[in-house]
Amino acid sequence: MDIKGLTIKKIHHDLVKKEYSAKELAKEYFDFIKKEDEKIGAFLSLSEEMAMSQAGEVDKNIAGGKGLGVLGGVPMAIKDNILIEGLKCTAASKLLRDYKASYNATVINKLKASGAVFLGKTNMDEFAMGSSTENSAFKITHNPHDLERVPGGSSGGSAAAVASEMAVAALGSDTGGSIRQPAAFCGTVGLKPTYGAVSRYGVMAMASSLDQIGPFTKTVEDAAILFKELSGQDIMDSTSAPVSYGDELLNPKIEDIKKLTVGIPEEYFVDGLDKNVANKINEVVKDLEKLGIKTKKISLPHTKYALFCYYIIMPAEVSSNLSRFDGIRYGTREKADNLIELYKKNRDFGFGPESKRRILLGTFVLSSGYYDAYYGRAQKVRALIKQDFDEAFKKVDVILTPVTPTTAFKIGEKTDDPLAMYLSDIFTIPVNLAGVPAISIPVKNNTGLPIGFQLIGKHFREADILGIGQLYEKM
Amino acid sequence: MAEINKKILKHLAELARIEIDPKKEDKFLADFKSILGHFEELANLDTSGVVPMTGGTSLENITREDDFNENEDQGKGVEGFPESKDGYLKVPPVFE
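Sequences listed follow chains A and S, in order.
This note's numbering applies: residue 25 is where the first sequence begins, and numbers increase by one.
This note's numbering applies: residue 1398 is where the second sequence begins, and numbers increase by one.
Since the hints were derived computationally from the structure, they do not count as laboratory data.
Each residue gets a CB set at the ideal place from its N, CA and C atoms; glycine is no exception.
Be aware that a few hints might be false.
According to the in silico footprint, chain A covers these stretches of chain S (three or more CB under 8 Å from chain A) [said to hold, decoys possible]:
no. : segment
1   : 1411-1422
2   : 1480-1490
Taking CB as the label site, the calculated pair distances span [unchecked claim]:
no. : chain 1 : residue 1 : chain 2 : residue 2 : range
3   : S       : S1431     : A       : K283      : 22 to 30 Å
4   : S       : T1454     : A       : K33       : 46 to 54 Å
5   : A       : F373      : S       : T1454     : 30 to 38 Å
6   : A       : D441      : S       : N1466     : 45 to 53 Å
7   : S       : R1461     : A       : T439      : 45 to 53 Å
8   : S       : G1446     : A       : N275      : 41 to 49 Å
9   : S       : R1461     : A       : E279      : 19 to 27 Å
10  : S       : K1473     : A       : K34       : 32 to 40 Å
11  : S       : G1472     : A       : G472      : 49 to 57 Å
12  : S       : L1442     : A       : N303      : 30 to 38 Å
13  : S       : R1461     : A       : S69       : 32 to 40 Å
14  : S       : S1481     : A       : S77       : 22 to 30 Å
Full structure from sequences and hints, please.
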């Protein structure tokens, strides 16, 4: 059996035709992972027992004529900050090295109900904080296109797993670009849904007002299939929205897609954007025009404030969300003489440098005397950034930008310079602040390292960006 | 805006219950300063009259009946505790 190039759609077709069984397929993936992952390092743990039992269930249902779920038998990798009951969930932190999840995230329940098979948990930057997966407490993940380069982050393990064919699809989480940036670096598709489109119940919160869970896939079509399964309101997440997505996600009408207008914001084509990346993005613009889609220059005037607005709001939420990791409630407890020492000892041992940096930064911007100057002001700037998008979306339906200023950088290149690392998310961050959906899609006819382009949609209009993406993909 | 120094850094670490390795203090402080320097850019922006965006959605609050569920089964959550006794989380003493 050749697993190269398999998609969700193809597996569904093959299983229906009984070309192979779900168990055979899962076994094939584990055999491949055990060889391939030695050089990539995408997985933190494998869940072979669970996977084989899930696959067996799928086979039984097919044999018994009970039908096949949309994701029936699809081998998937899950970022290690998403809870699967009974499996270790570490968020790539020493603090949670022995922590086992006691319940399923809502997205996991949805995937299970649809028949997906979980291969294992993927490496990431600790607590999803980073842009290269180098902040993992456990291992480095290598970019499958060049092993000396990073896969991006924070969902670097998930992106690398899909890019190296060790999984058909994967889940990641995206707070400032953590799905789209690694997708661009590894040459996969990555979707950050509208804030509220997918339940966050059971994902370890980093910055609650920005986090979303989303899919990594090999094709835009698969991203649409997977997103439809993940989305929906959830009583366990009060910020999940009462929307339902229809058939247009899966079967976009070409005539309707061609009527969309795509905006190109001048603020995204600035100094620091690699020339080759800029050229490739311009080729995509021309390709879309060839399809009959109208394009238009637009302006998002507050773009330059987004990065540092984000680096106030995000750490503020991080410092609050990560306060629960204190050695009292989760995982292993390092003993100490008194309570305060116990907190400090556990947090000092458990958190890596980037986590500490963001917790301290968050504590600072929220502390008495500085709150108004930093956090309060950042919330206003965030409103202005969202307003930019609201205004732009009166004139255009979709916005096209680069995903990253450069292609994947070398391992170790930016670890000593947090600011340089932060800048690699400059084009993805405004999207999270505004809460709109965006997708990273690999540009075609590219012989060098992967480059992604980003399509940004209106709130809850994933159908528009997935539609244009599917059209581009089939060109 | 604010000037950050070692004293403030130590105070923040105390508040956040984090230890900073004295050998890494200077690097921490330097990184902090370079990030905070950029925050000044936001100060030059006119935000008068802007209503702050306080969360990820503009959804309205949803209220429900204030009923209660009695449930003494702590479930599998207990298994994830570092220490437990009779189904409860065991914590170190707060007062000696």
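Any hints this thing doesn't respect? Which numbers, in order? Failing hints, ascending: 3, 4 and 9.
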